[in-house]
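*Asks:* Sequences are here, hints too, so could you generate the full structure?
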Amino acid sequence: MTERASGVVQGTLDMLILRTLTLEPMHGYGIGTRLTQISDGVLKVNAGSLFPALGRLERNGLIKGEWRSSENSRRAKYYSITAPGRATLKRETRDWDVHSNAIARVLRASLGEL
Amino acid sequence: MALLHRLLAGVQQLLGRSGDADLELERELDDYLRRAMEQKVTAGMSPGEAERSARLEMGGSEQIKERAREGRWELAIERLSQDVRHASRSLAASKAFTSVSILTLALGIGANTAIFSILDGVILRPLGYPKPDQLMFLSTRSPAVGLTSFWLSPVEYFEFRELNQSFESIGAFHVGEVNLFDGDQPHRVRSAAVDEHLLATLGIPVAQGRLFTNGETNGTLPTTARGQPPPGTQPVVILSHELWQATFGGRPIIGRRLDIEGVSREVIGILPPGVDLMDHRPEVWLPIGLNPADRQNRAGHYLSVVGRLRDGVSVESARAELETLIDTWADRVGVSGEGLAGHTFIPANRTVYRGKRMPNPGHVLQFWPLKDEVIGPATQTIWTLQASVGLVLLIACANLASLFMARADTRRRELAVRTALGATPKRLIQQFMTEGLLLAIVGGALGVIVARTGIAVLVRTYPDSLPRTSGLRIDGGVLLFAAGVAVLSALLFAFAPLIHTRMQGLAAALREGTNRQAGNPRQRARACLVIGEVALAVVLTTAAGLLARSVGNLTSVDVGFNGSRLITFSTTLPPARYPQSAFRAEVYQSMLERLRGIPGVTSVSAMSGLPLEHIVQTMATDFDGYVAGPADPQEFADYTNHVLGNYFQTMGIPILQGRGFEPSDATSSTPVAVVNKTLAETFWKGRDPIGQRLRPCCSPQTPWFTVVGVSADVKEGAIDKKAGTEIYFALDQTASLGTTIGTMHVVVRTTAPFEESAPFIRNVAREIDPTVPIVRLREMSDVLQESIRRPRLLSHTVNIFAGLALLLSWIGTYGLLSYTVTNRRRELGIRVALGASRAAILAQILRWGLALVFLGTVAGVAAAIGLSQFIASLLFGIAATDATTMMAVVVGVMAVGTLACSIPAWRASRVDPLLLIRED
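Chain order of the listed sequences is A and B. For what it's worth, the numbering used here labels the leading residue of the first sequence as 126, then goes sequentially. For what it's worth, the numbering used here labels the leading residue of the second sequence as 176, then goes sequentially.
Hints listed in this document are in silico derivations from the structure and should not be mistaken for laboratory results. These numbers were taken from a predicted model, which means no experiment stands behind them. A couple of the hints might just be wrong.
Listed next, the stretches of chain A that the computed footprint assigns to chain B, with coverage defined by at least 3 CB atoms under 8 Å from CB atoms of chain B [claimed, not checked]:
1) 144-154
2) 165-179
Pairs of lysine-lysine residues, derived as BS3-like cross-links and limited to a Cα-Cα distance of at most 25 Å, are as follows [stated by the list, open to error]:
3) B:860 <-> B:896
4) B:240 <-> A:169
5) A:169 <-> B:860
6) A:189 <-> B:215
Over 12 Å on every C-beta distance to chain B, these chain A residues come out as not near it, computed from the model [what the hints assert, rightly or not]:
7) 184
8) 201
9) 215
10) 220
11) 230
12) 231
Glycine included, C-beta positions come from ideal geometry on N, C-alpha and C.
*Replies:* Now the structure itself:
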């Protein structure tokens, strides 16, 4: 029963959620659609991955959930990123850059370089 | 930070504040679904279609919730409490199983905890002094007279104090009992006569008042013998906390005067609670009255000596120093005389000393840790107890393992259902373990109660049988042990059913359902457990049998006197109030006179040393006409006994030659003595002992005594020791020669029962002197019993354990066979239907069961023989591999086994095929 977001590299879902929340506080559904929009439909996050991840992030204190009324006076749980969350995101983004650059370099390396 | 968040969130969740994470998530998912639906409707779907599609995309909300829960640590606890609830329900459902298991565990863990608390309190716990490892017990050894651990003489003590460099401090003492009169009632209290160095050496502090000051414990007179503090010592006393509380109610007492042995002593101090000295638990501490200036009495050995090693000095280096000291002791202390005046330490390897050849040379000083001296030979007794009780627990665990396997079998259907409903094998195993642990915890808790009761009963039934038992308690360490044993046994028995089923195979095994077979691996494992149980039970029963027969042998030893209908007590006329030894003897005589008037009394006597409790004296004695050759015994008498009244007749000791004492001896001018057979044969071999002369230690003024009779040997020191050489004197004669005896042991032969005579005896004693208590009023047969109390304690306890072991293996064997028969009912029924005779079926089941028992017995006997060396030294008059005992054990265990097998076998033979067919 390993956890896997469809099309999302494992472990990066947390990062993506945090990134999405830097724009504005959002509810679960909003986060999911926003992720799909931004990635031009490449990344599809289903509820089965999203909510456990949200729960995990909240319990770790990286995001904070709050029930608020949304449009047409329905109540929804809005998540916002916390200071530790921002710090984590910053650190992870840096790590991600380093790693993805490195991987990209290896993959694009010419035959001679290999 | 993140961890803290998780922790707080988890605790909140556990406490049920907003029950809520789940509920909240549900609402969130609800919101998600509705938004997804709205989205789809906006995109042009019909509401019904939108909902179906949204639900499909989202997936089952239960699964999502479950996955969201996975990450929470409190889930483990929730599961645990779920498991515990489930386990309790399932245990409560099978009451018989649960009660048998808990009872078995309570007994097993309880017995182990009880014995461990003894092991802990007696052996493992350090002595209650600061830096106890530095404390050494000093004693002397003299191979020539067969003394392996004897006291020191004051002079030897003084000299060692002055010569050695290894010890920071050394102190001397001797323990005994004294009369204490509190103005109302006479008490006999345990005493320690000590010098001021002893308290400093042990590091005993004072709770109130003060300890002895410098020189306060010294005496001015020559120190002659073990006994009361000599006259001239300071009339002071220090009390134990316990005596102060019990006798004086904890009232202020410093500065008050107490009558101790007829001397009025000022109470100068009270010690803190629990102060002990060599397990003697002294109630009063008196100045010993040694005279450091007196270096005359070199050979009067009566001091116990304890030393504290300097910081950083090892036992080995202190021993090395001691050896060099002993090598040249005589020169160092400037002693050169012959005989007692020249008595000094001589190395044990020196075969020629001062020109004389010595066959058994040596008189050496030695030391070992004080704790070893205190615990002594009890160590082996206690370890034996612990080992036997450990075996009982093993058998109990084997039984429980077997029970658990059977239970796992009968629960297959339940387990299969739960597996089908999604329980993982891991989860099922967890539940097995939870059940085991739950049983172990309840059993362990009950076990601690069993242990408490057990210790109390043991200490009450066998008082003073083991050292240091006064302070036994179940403390944190013991509780930890009990918990450890409980958990370990739970692991042993609860995990056993799973061992032969590998993890991944478990589910499959569980899914087998109710299709049971007699020959399945679990049955085989249970059969092995039964064999093991029987083997362990055989080992334990053999030990129990050997120990019981040892006690039997000890009881049937001819002690040399007739102990039936003989009442004894001790009394001490304090020399301070009765300074004239002749007068003291007269008072004792008049006490005997009055005792004779008690209804039923036929004969009365008194003696200075009570048989079986007589402390070996090894008195230097001149035997006229005896010259010790190099290999001959030295001129020592092991015991001397000063007696009054018709001693030999009262005690029932036969006079083999000559005569016993007569009243006319008291006034006769010829000092007379009676010797025992061993002494006559040792020193006057081949000669007529009657008329021979002897002269006891230690001064030239002592007259020669003429031997008038030879008595049969009496076991003076202990039942399992040789009688030794003994000289009897008539106290009414020796008292006029100046012999002072502290305590006299009176024996009364009567035809009346003890309960009837006792009040009369107490009355007589009170009439003689109301300030003098009579102590240890008991029947002589009790003295005999008490002298073998440790072997009896060991034998009785191990026998109880063996009984428990037999019972448990009976249950184990019976359980396995019953279960097998139940399982094979169908097969047996078919065979009956096909014409098998009931006798054949009975024989088959019986054969199978007995084969197991037999295998176990064989293994057990082999193990018992292999282990025999460990018990050999605890036995008396029987070999550790005694064939009769082994045979008896084999027969006994086989009988128990047959009994266990025959009921299930009989049931098997009664199987009714028709009933079976109807059952399906």
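*Asks:* Each hint needs a verdict: does it hold in this structure or not?
*Replies:* The hints, checked one at a time:
1. Coverage of the stretch 144-154 of chain A by chain B holds. Counting CB-CB distances below 8 Å, 3 residues qualify, and the rule asks for three or more.
2. Taking a C-beta to C-beta cut-off of 8 Å, the stretch 165-179 of chain A contributes 5 residues in contact with chain B, enough for the three needed, and the coverage statement holds.
3. Between residue 860 of chain B and residue 896 of chain B the CA atoms are separated by roughly 22 Å; this keeps the pair inside 25 Å, and the hint holds.
4. For the given pair, residue 240 of chain B sits about 20 Å from residue 169 of chain A by alpha-carbon distance, which is consistent with the 25 Å threshold.
5. Taking the CA atoms of residue 169 of chain A and residue 860 of chain B, the gap is near 114 Å; set against the 25 Å cutoff, the hint is violated.
6. The hinted pair formed by residue 189 of chain A and residue 215 of chain B fails the criterion: a straight-line CA distance of about 29 Å is larger than 25 Å.
7. Chain B draws residue 184 of chain A into its interface by the beta-carbon criterion, the shortest separation being 5 Å against a cut-off of 12 Å.
8. The Cβ of residue 201 of chain A does not lie farther than 12 Å from every Cβ of chain B; its closest approach is about 5 Å, which violates its non-interface assignment.
9. The Cβ of residue 215 of chain A lies farther than 12 Å from every Cβ of chain B, with a closest approach of about 16 Å, so its non-interface assignment holds.
10. Look at residue 220 of chain A: its CB is around 17 Å from the nearest CB on chain B, clear of 12 Å, so calling it non-interface holds up.
11. At roughly 33 Å from the closest C-beta of chain B, the C-beta of residue 230 of chain A stays outside 12 Å, upholding its exclusion from the interface.
12. Listed as a non-interface residue, residue 231 of chain A keeps its Cβ farther than 12 Å from every Cβ of chain B; the least gap is roughly 32 Å.
Violated hints, in rising order: 5, 6, 7, 8; the structure is consistent with all others.
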